[in-house]
Amino acid sequence: MAFENGALDSNLAAAVGDDPLLIVELHAAFLESARRQLNLLERARCDGNWHFAALRLKGLAASFGVAPLMHLADEAVDAAPGDPVVVNRIRRLLDNLGNPD
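Note that the working numbering has the sequence shown beginning at -5, numbered continuously upward.
Heads up, a few of these hints could be off.
What the hints assert, rightly or not - The calculated label-pair distances, taken between Cβ atoms and stated as ranges, are:
no., residue 1, residue 2, range
1, 78, 11, 17 to 27 Å
2, 14, 74, 38 to 48 Å
3, 37, 59, 24 to 34 Å
4, 33, 61, 17 to 27 Å
Calculated from the structure, these hints are not laboratory results. Every residue, glycine too, gets a C-beta built ideally from N, C-alpha and C.
Assemble the whole structure, with the sequences as input and the hints as a guide.
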């Protein structure tokens, strides 16, 4: 479920135009917010907190057009709190998005 960094930047460019500084800033804001939700997933010990973080992550992914992250967030909604497989897959995707192409 790969999603190239350039695809996120292309989605951002389509939304805000060809302003490289704004694209970099929005890319960083997306990653910061997504990592915050991942942290909440990692710390969740009850269904309510887990689902809340997963749904927020899904909404964030939808806002930025990152379909693979939306799918992983859906998997998280259906998984048990703290599911290491889902958490690790989300972490890998975010790490990939955080590394320059």
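Checking against the hints above, which ones are violated?
1
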